[in-house]
Amino acid sequence: MVAMSKIATGNGHGENSPYFDGWKAYETNPFHPTERPEGVIQMGLAENQLCFNLIKNWLIKHPEASLCTPQGVNKFKETALFQDYHGMPEFRQAVAKFMGKVRGDRVKFDPDRIVMSGGATGAHEMVAFCLADPGEAFLVPTPYYPGFDRDLKWRTGVELVPVNCESCNNFKITRNALEAAYVKVQEANLRVKGLLITNPSNPLGTVLDRDTLKSMVRFINDKNIHLIGDEIYASTVFMEPEFVSISEIIEEEDVECNRDLIHIVYSLSKDMGFPGFRVGIVYSYNDSVVSCARKMSSFGLVSSQTQHLIASMLSDDEFVNNFITESKELLFNRHKYFTWSLSQVGIGCLKGNAGLFIWMDLRKLLKEETFAAEMELWRVITNEVKLNVSPGSSFHCQEPGWFRVCFANMDDYTMKVALLRIRTFMLKNNEAMVPLKLCRPSSLKLSLSRSLSRRM
Amino acid sequence: MAIEIEKPSSVRLSKVAISKTHGEDSPYFAGWKAYDENPYDEIHNQSGVIQMGLAENQVSFDLLEKYLEEHHEVSSWGKGAPGFRENALFQDYHGLKSFRQAMANFMEQIRGGKAKFDPDRIVLTAGATAANELLTFILADPGDALLVPTPYYPGFDRDLRWRTGVKIVPIHCNSSNNFQITPEALEAAYQSAESMDLKVRGILITNPSNPLGSTIQSSVLNDILDFAAHKNIHLVSDEIYSGSTFSPSEFVSIAEILRNRNYKDAERVHIVYSLSKDLGLPGFRVGTIYSYNDDVVTTARRMSSFTLISSQTQHLLACMLSNHEFTQNYIKTNRERLNKRYDMIIQGLKKAGIECLKGNAGLFCWMNLSPLLNEPTRQGELELWNIILNQVKLNISPGSSCHCSEPGWFRVCFANMSEQTLRVALQRIHKFMEQRKVCSVNQ
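In order, the protein sequences belong to chains A and B.
If you read the first sequence in the working numbering, its first letter stands for residue 28, the second for the next number, and so on.
If you read the second sequence in the working numbering, its first letter stands for residue 13, the second for the next number, and so on.
Certain hints may be false.
Claimed, not checked - Computed cross-link-like contacts, PhoX-like style, restricted to lysine-lysine with a CA-CA straight-line distance of at most 25 angstroms: (1) A:322 <-> B:32; (2) B:78 <-> A:33; (3) A:33 <-> B:211; (4) A:51 <-> B:109; (5) B:45 <-> A:180; (6) A:104 <-> B:179; (7) B:78 <-> A:88; (8) A:33 <-> B:179; (9) B:352 <-> A:104; (10) B:179 <-> A:180; (11) A:322 <-> B:109; (12) A:33 <-> B:45; (13) B:78 <-> A:102; (14) B:45 <-> A:104.
Simulated from the structure, these hints should not be mistaken for lab results.
Isolated chain A (complex conformation) (with noise of 0.2 angstroms):
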């Protein structure tokens, strides 16, 4: 027999986690309106499909854009030849354009530090490979999206130290966790290299205030460690607050800043829906990085076919700016209508304002506030309410009984057939109920040693 790497033969590729558990009991029996009324409904994954109309219209007025159609083919040979790892500049150019767009103009992208990777997921692995040597560490704000274990971890041996974030101040990121976080990674002789946060959050579904911002980037300054910023769902905040970037606060008069620690990882699959693409792009506010990471990107950069397409569509101003405004409007009555029901038959979810997907409060289910007790809900909900939702420990949550539900991937119908599921088995429940216990901000002190106790 002959042996492979022990990155190959590791578990560093994270399959074995509960969040693609559930994906396999989908896949096994897929919920379908008339075919497999019975089935699963898959609400385990973020994806947004809500603005496809949109973008079909668009596509059928622009035959150019495709290097198929006889408008479009006299560009076929040179976008087949283009293999430059600076990308096309019309590409950087939209791109750079609609990330600032995303951000209400409130600030500018320059094109020429926009790197293109194979997916987000390619992004922050590229990120990885360029700040931190192997056994170095990122700290990461719990929960957290399940994929970065792999992303940031697997073939790169960066180690991910979890800052933990708590429900009794909804989940706030604050530095005295921040430091906690630091402290216990430097006890266990490792080196933090830099700090990366989801914002808005995967899977909170909130964006990060001003001051919570404000506070990071001191915070990394102080320590001399980089900020990777994955606003990979910029564009779907759809209420209050008003999303602020990174790339904002850095601009601010009352921030001091080491330009050189700021990184953006951005992607196309959740703000337009195509995660087929593979667009992602590393945004660095440092040359070297910008530099390293263009040369990196040879290893997943962008089709130059899907390049044409964007560069094609994100120019075009008036379809952006109605794009932006109406995928805002269709997030925001999806997450109304998905989270008034639920709050109907006693569920709660995490008050949010952004992203495809609600965190929803279920500790009042669990048999015992253990994550043992956690897993057994979330196998009655996948087994007998047939639905495919994430379970908070796979987020590396603290508390258990929180699961992220997504909300944004389906039609209308699908959508009230799973909150009639839902509906149903929480009449059916409702005797088995423990009375939630209401944390009290004031006994923010109380909870803490509660949670440490608990500690497994």
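Based on the hints, put chain B in the right spot on chain A.
Chain B only, in chain A's frame:
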């Protein structure tokens, strides 16, 4: 009291980031710079540098364009843009089944049906660049070694080593036997690795060879596979130029070798392929790994998450490559045109008094300018290269950038330009050689 605020020292990037293993300081790339600054144009810049360092295939685009003009259904734009949504959402790392099927068929056609490919063993990556790196991550640990015959594609220094931390130990080949890989050379390389305390995990061959422009013989392939089996290591065969052999009968794929020996030792064999050369689509980033090892397929598929092929591109190519009539005609015509180009450059060089290695594949020829060197050293070669770049204004690739152990060889690409431009290039070479004759006569 004024306090001076020091600008914080710039925080160190990773060792990988700081290293030079990206390889861009090699003359392979320096010549491109000279080209970028003064590119030849048939009409607007007739004295510019002609790019002969880029192995691109531009001879068959008309066939692709004609296909697209006749097959509008290939575009996802049809009435009401049907299928666009499904396509844009498709991010499954298994890849589009129709695309994998089409690739398997295409690979079979290239090999004249002498090997069969299972679509479920095809893993998709964004280019062969990514495929080679990915395989290295799977087959070797940091600090381990892969054996690679010289001369080899300069990009391997980056692709196999940069982020993986794996080392390349050369299998030295030389002109005495037309740079063929011998069992002695294999063993010598293996011993060399051992003496440096490096664990050899595999061999990587390119067949047809870049930069040699020739196919590896059946007997040699068998020797290499036997060697790999004996040492219990992997064998990666980069067959990116398989569709660019001038005559279909001359290319023997490792897939054929395996079939002939009933797939004995197959679990150590992995093939890399791409559409960048045969179809001339480097911008579309279409790479594949074909492995006979189930664990490698599973792991590679998971890793491909970092480097998937755009579903838009998968869709286009699934349509195109499923059209049997089109692919058959394309493969045949492409071969003929490359053969014609090859003959043209060889004849032209011969007239100028320059010999090349006898080639039968690829987008380049391996030119021998060793008689022209001031001294038979790498330095001598680079001096000559500088003259050719700056005076003759041709960007060709010096053999040292391909780690050739013999100075004086150069890789010259011929398929990335029009016939007219190739004629101009040959005229310049002819003139250069004439001038040198005159100079040497006068000395």
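Practice task
Go through the numbered hints given earlier and state which of them the structure violates, listing their numbers in rising order.
Solution key: 2, 5, 6, 11, 12
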